[in-house]
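Undergrad: Given next are the chains, with one letter for each unit.
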Amino acid sequence: MSRFLPAEAFHGTENAIQLLPLRFERAGYGGYLVSNMVGDFVRLSTDEFHRLVEGNVIPGDDLYEKAFAAHLVSRAGQTAQLQVVAARLRSRMAFLREPSALHMFVVTLRCEHSCPYCQVSRQSTDKSRFDMTEDTAERALSIALESPAAHIKIEFQGGEPLLNFPLIAKIVENAIQAAPKVGKEVEFVIASNLALLTDDILAYCKRNSILLSTSLDGPEDLHNRNRPRPGGNSYKLAVNGIKAAQKALGTDRVGALMTTTEASLDRVEEIIDEYVALGLDGVFLRPLSPYGFAVKTKQIKKYDAKRWLDFYKRGLHYILDINRAGQDFFEFYTLLLLRRMLTDQPIGYVDLRSPAGIGLGALVYNYDGKVFASDEGRMLAEMGDNTFELGHVDSDNYRSLILSDKLIELVGSSLTQCAPECLNCVYESHCGANPVYHHATQNDPVGIKPLSFFCVRQKGILSTLIDLLDNSPNEAKVLRQWSAM
Amino acid sequence: MVDAVTVEFDEAVQSLDALNAAAYRLLDVASCQIEKSGGKFVCRLTPKNPSQDNEPIKFRFLDCVTDENLRERLASKTEPVRNLILSLAFGALASKQDDKAG
Numbered sequence: 015m016s017r018f019l020p021a022e023a024f025h026g027t028e029n030a031i032q033l034l035p036l037r038f039e040r041a042g043y044g045g046y047l048v049s050n051m052v053g054d055f056v057r058l059s060t061d062e063f064h065r066l067v068e069g070n071v072i073p074g075d076d077l078y079e080k081a082f083a084a085h086l087v088s089r090a091g092q093t094a095q096l097q098v099v100a101a102r103l104r105s106r107m108a109f110l111r112e113p114s115a116l117h118m119f120v121v122t123l124r125c126e127h128s129c130p131y132c133q134v135s136r137q138s139t140d141k142s143r144f145d146m147t148e149d150t151a152e153r154a155l156s157i158a159l160e161s162p163a164a165h166i167k168i169e170f171q172g173g174e175p176l177l178n179f180p181l182i183a184k185i186v187e188n189a190i191q192a193a194p195k196v197g198k199e200v201e202f203v204i205a206s207n208l209a210l211l212t213d214d215i216l217a218y219c220k221r222n223s224i225l226l227s228t229s230l231d232g233p234e235d236l237h238n239r240n241r242p243r244p245g246g247n248s249y250k251l252a253v254n255g256i257k258a259a260q261k262a263l264g265t266d267r268v269g270a271l272m273t274t275t276e277a278s279l280d281r282v283e284e285i286i287d288e289y290v291a292l293g294l295d296g297v298f299l300r301p302l303s304p305y306g307f308a309v310k311t312k313q314i315k316k317y318d319a320k321r322w323l324d325f326y327k328r329g330l331h332y333i334l335d336i337n338r339a340g341q342d343f344f345e346f347y348t349l350l351l352l353r354r355m356l357t358d359q360p361i362g363y364v365d366l367r368s369p370a371g372i373g374l375g376a377l378v379y380n381y382d383g384k385v386f387a388s389d390e391g392r393m394l395a396e397m398g399d400n401t402f403e404l405g406h407v408d409s410d411n412y413r414s415l416i417l418s419d420k421l422i423e424l425v426g427s428s429l430t431q432c433a434p435e436c437l438n439c440v441y442e443s444h445c446g447a448n449p450v451y452h453h454a455t456q457n458d459p460v461g462i463k464p465l466s467f468f469c470v471r472q473k474g475i476l477s478t479l480i481d482l483l484d485n486s487p488n489e490a491k492v493l494r495q496w497s498a499m
Numbered sequence: 397m398v399d400a401v402t403v404e405f406d407e408a409v410q411s412l413d414a415l416n417a418a419a420y421r422l423l424d425v426a427s428c429q430i431e432k433s434g435g436k437f438v439c440r441l442t443p444k445n446p447s448q449d450n451e452p453i454k455f456r457f458l459d460c461v462t463d464e465n466l467r468e469r470l471a472s473k474t475e476p477v478r479n480l481i482l483s484l485a486f487g488a489l490a491s492k493q494d495d496k497a498g
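Heads up: the protein sequence lines correspond to chains H and S, in order. Reading the first sequence from the start, the letters are residues 15 to 499 in the working numbering. Reading the second sequence from the start, the letters are residues 397 to 498 in the working numbering.
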């Protein structure tokens, strides 16, 4: 059998023109933004759009060629175009074949910082109550190793996980021994403020290829204001920790995340400069999340989506200028979205996928043995809301957690492919169900999207990127390079 | 009391689903109550911001209804090919599951 269809399958047919599924929105310029089933965008004038949807296109009129190239039309009975869309769709959704690749161990809820936006509701005392035990860790590890993914990532979270470093070492050693026996590769990350980092811990990380992820909110005054600790030296400790980790582990083995508070909004350039000066390869311009002390202290109400989007856009333009001046530096969320928009790689980022990443993308083992469908789910539990608690390491295994009625209901009910507004949203292919966020903010896992910060943010970022890709050649060149990273 | 603006549609030619979808899209600026009355759908739009001018809300709603009507029509027209593409993409997975179940 020939590997390729005959040439007639691709052109020359006189069969009727067939419209393929599409989504559209009115665009600001008076025309329409149209996307196909795999999220390729095309801008059409009002006349072009109406001709397209009425089927008034003929080969040679430019619109037919434009629509054919964008997988918006085919010919009845012609399967090649449909096969291409199907293959691309299958590739984009292939993240579902590697379920639960991320396993987060909350080894302690204690922390020596007292950040007012802390989303995990850290505790400052009582080691016996808020530290994970060895038995719990062992049981959690065995569940993690039951997951089908061939490559798993174990992330140590807190509180401040370095306060329980002996347990981290125990889990790492057990995982390194046990993973090959079940045919798995395992990678480790410690999410730490680095205040307690020592040379011994760095040497241990080096020996075991452990990545470090930390928090850096920007210049010293801003960082220390956002992240208070005894001595008021959080910034100094974080920066020293980053430098020490870069030296000991390599510059690509430590990353940092920032959280946007109201005080950050006018200072995006300074924040980015701080990251550049430290030799970090990019920044993730991250809004506050609506959990824990960020809600209790009302930090979350101090800015709206529009103010955050202004902050993001200014930051993105500043970063693009840095790139155009010759230095590679990324905005990581943008990079992720560009890979979604410009390639068909399966991107399983937990907040940007549908079916949702809860459980299917990550499991969280809390210090007390409770298992949650996401990190934000355990943050909600600390606020008294157990909606995303799936079970307990003592009484559950991987299968019972993943196939629990609760998880199936939450994932099934929040699919963007059929949620109100999302199902017809022109950006749906590049967005995701975020049931934890919408449950937390609207008490509805599906979410009322016209009222959702998440939705406004997604639409704002995606429309900004489409605009740059279409209308700003110099910026588009940089953005296209990012999508290949 | 904020003044509401009323828009009427002929029940014989206008789908209720499209009206509901349009009302949903407007939730950030107005609440919409839809009632049936004498062969018409009566849509009563109440702005969320009392100082908001009603006219732009009305026109936005009409645009939304027009778009939702079109989306409904396109969905129905492209449903067979959409299902075909989905079966080409994921049908093999379903057959594997059927094999396992069998």
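You may find that some hints are simply not true.
Cut-off 25 Å, straight-line C-alpha distance, at most; resulting in silico cross-link-like pairs (BS3-like, lysine-lysine) [unchecked claim]: (1) Lys473/S / Lys315/H; (2) Lys444/S / Lys80/H; (3) Lys454/S / Lys320/H; (4) Lys315/H / Lys261/H; (5) Lys320/H / Lys473/H; (6) Lys473/H / Lys454/S; (7) Lys444/S / Lys473/H; (8) Lys320/H / Lys432/S; (9) Lys315/H / Lys327/H; (10) Lys316/H / Lys444/S; (11) Lys250/H / Lys220/H; (12) Lys473/H / Lys316/H; (13) Lys327/H / Lys310/H.
I should point out that these hints are in silico values taken from the structure, not numbers from a laboratory.
Undergrad: Check each numbered hint from earlier against the structure, then list the numbers of those it violates in ascending order.
TA: Violated hints (numbers, rising): 1, 2, 4, 8 and 13; every other hint is consistent with the structure.
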